[in-house]
Amino acid sequence: MVGISKKYRPFVLIGCVILGCCIPVSAASVLSLDNLLNNLPGLLAKEVVSPLVRTFGLVFNHRPMEPATPLGTQFGFDLGVEFHLVQIPNELFDELQGYGLDLPFIPDLPSIRELNFHKGISNSVDVGGAILSYQGYLIWGIDLKIVLSHPEEGPTWAIRLSRNSVHLPVGNLSILDRTIDVSLDAVTWTPMLLVSKKLEFADPYLGLGYQYVTGGLNVNITGDPLPGIDSIAADPGGGVLALIGLSLKPPNIGLRVTLEGAYSSAGTHSLGTKVGFSF
Numbered sequence: 031m032v033g034i035s036k037k038y039r040p041f042v043l044i045g046c047v048i049l050g051c052c053i054p055v056s057a058a059s060v061l062s063l064d065n066l067l068n069n070l071p072g073l074l075a076k077e078v079v080s081p082l083v084r085t086f087g088l089v090f091n092h093r094p095m096e097p098a099t100p101l102g103t104q105f106g107f108d109l110g111v112e113f114h115l116v117q118i119p120n121e122l123f124d125e126l127q128g129y130g131l132d133l134p135f136i137p138d139l140p141s142i143r144e145l146n147f148h149k150g151i152s153n154s155v156d157v158g159g160a161i162l163s164y165q166g167y168l169i170w171g172i173d174l175k176i177v178l179s180h181p182e183e184g185p186t187w188a189i190r191l192s193r194n195s196v197h198l199p200v201g202n203l204s205i206l207d208r209t210i211d212v213s214l215d216a217v218t219w220t221p222m223l224l225v226s227k228k229l230e231f232a233d234p235y236l237g238l239g240y241q242y243v244t245g246g247l248n249v250n251i252t253g254d255p256l257p258g259i260d261s262i263a264a265d266p267g268g269g270v271l272a273l274i275g276l277s278l279k280p281p282n283i284g285l286r287v288t289l290e291g292a293y294s295s296a297g298t299h300s301l302g303t304k305v306g307f308s309f
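Just add 30 to the spot in the sequence shown (first one is 1) and you have the numbering used here.
Keep in mind that the hints were calculated from the coordinates and are not lab data.
From the three backbone atoms N, C-alpha and C, an ideal C-beta is built for every residue, glycine too.
Hints should not be assumed to be uniformly reliable.
[What the hints assert, rightly or not] Below, computed lysine-lysine pairings styled on PhoX-like, alpha-carbon distance capped at 20 angstroms:
hint, residue 1, residue 2
1, 279, 227
2, 76, 149
3, 228, 149
[What the hints assert, rightly or not] Here are the in silico distance ranges between beta carbons for each label pair:
hint, residue 1, residue 2, range
4, 149, 208, 26 to 36 angstroms
5, 263, 168, 14 to 24 angstroms
6, 128, 151, 43 to 53 angstroms
7, 172, 285, 57 to 67 angstroms
8, 280, 204, 26 to 36 angstroms
9, 71, 309, 46 to 56 angstroms
10, 154, 69, 45 to 55 angstroms
11, 270, 104, 42 to 52 angstroms
12, 129, 272, 25 to 35 angstroms
13, 227, 172, 23 to 33 angstroms
14, 117, 265, 55 to 65 angstroms
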């Protein structure tokens with residue numbers, strides 16, 4: 031990783047752009063994984079596949095950035111653009127380097143935007159999601175929140191379950207008359223308990239949950255001899271996730287700004303903000 035000090039290289043700015051509303055930076059330039067194919071036997075080792083899949087499943091996990099407070103049914107719609115800074119554990123780099131692999135990052139970290147949307151479907155249930163589909167990259171997540179207690183006085187309690195899916199093309203190489211395509215797939219489930227206290231123009235909240243990642247690397251071989259598809263499954267795993275957030279909504283104008291910081295026992299700590307409208 032030439033040009034990046036070891037102090038800063040564990041950080042990657044992530045996000046997604048959907049509905050054609052993106053800055054002119056391709057996802058491939060942010061996640062250039064082609065160099066991993068320089069050592070294909072090392073890449074396909076189970077000791078490499080597992081931390082690689084878990085890391086990308088956690089880094090690109092769906093982040094609803096919503097308090098426990100329900101949106102309600104009087105329109106009850108929230109739409110925003112979200113930005114995140116996520117830390118990548120140093121253990122991943124150590125594991126890859128042990129097998130002669132290097133995970134590259136570009137010298138500067140471009141800001142890529144993600145459209146994040148939620149809708150209240152009852153006075154106690156909200157649903158939401160986000161998606162990116164661009165040049166073979168497919169990252170999408172959905173979430174369901176159920177409010178357990180929403181008194182006029184005191185905190186609001188809710189539970190939330192989110193599911194996120196990541197598909198990343200790693201790259202392809204040709205050997206004689208055969209072509210080998212490698213891609214990464216990860217699915218992340220995140221159950222969480224939320225508590226918040228809605229004020230006149232602010233809604234501070236806390237969350238505690240667990241991120242659980244499954245997936246693997248897919249190897250698609252075309253050409254003779256022995257064409258076919260193989261999959262190297264990763265050992266499932268994840269970590270505890272604790273977050274603190276503040277949703278700011280000035281009265282009567284619909285503008286909403288959310289700030290959120292998260293601690294992950296797996297090392298993928300994050301800072302993020304969401305700016306948009308809520309009605």
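Consistency of the hints with the structure:
Between residue 279 and residue 227 the alpha-carbon distance is near 13 angstroms, which keeps this suggested pair within the 20 angstroms criterion. Straight-line distance between C-alpha atoms of residue 76 and residue 149 comes to about 40 angstroms, which puts the hinted pair past the 20 angstroms bound. At most 20 angstroms may separate the alpha-carbon atoms for a hinted pair to count; residue 228 and residue 149 meet this at roughly 18 angstroms. In this structure the hint that residue 149 and residue 208 lie 26 to 36 angstroms apart at CB is violated, the actual value being about 48 angstroms.
Between residue 263 and residue 168 the Cβ separation comes to about 19 angstroms, which falls inside the hinted range of 14 to 24 angstroms. With their beta carbons about 48 angstroms apart, residue 128 and residue 151 fall inside the hinted range of 43 to 53 angstroms. At about 25 angstroms, the beta-carbon gap between residue 172 and residue 285 misses the expected band of 57 to 67 angstroms. Checked against the given bound of 26 to 36 angstroms, the beta carbons of residue 280 and residue 204, roughly 57 angstroms apart, lie outside it.
Range check, residue 71 to residue 309: about 54 angstroms between beta-carbon atoms, so the 46 to 56 angstroms window is met. At roughly 52 angstroms, the beta carbons of residue 154 and residue 69 sit within the given window of 45 to 55 angstroms. At roughly 36 angstroms, the beta carbons of residue 270 and residue 104 sit outside the given window of 42 to 52 angstroms. Taking the beta carbon of each, residue 129 and residue 272 are about 32 angstroms apart, inside 25 to 35 angstroms as hinted.
In this structure the hint that residue 227 and residue 172 lie 23 to 33 angstroms apart at CB holds, the actual value being about 26 angstroms. Distance hint for residue 117 and residue 265: a CB-CB separation of about 22 angstroms, inconsistent with the stated range 55 to 65 angstroms.
Consistency with the previously given hints fails for numbers 2, 4, 7, 8, 11, 14, ordered from lowest to highest.
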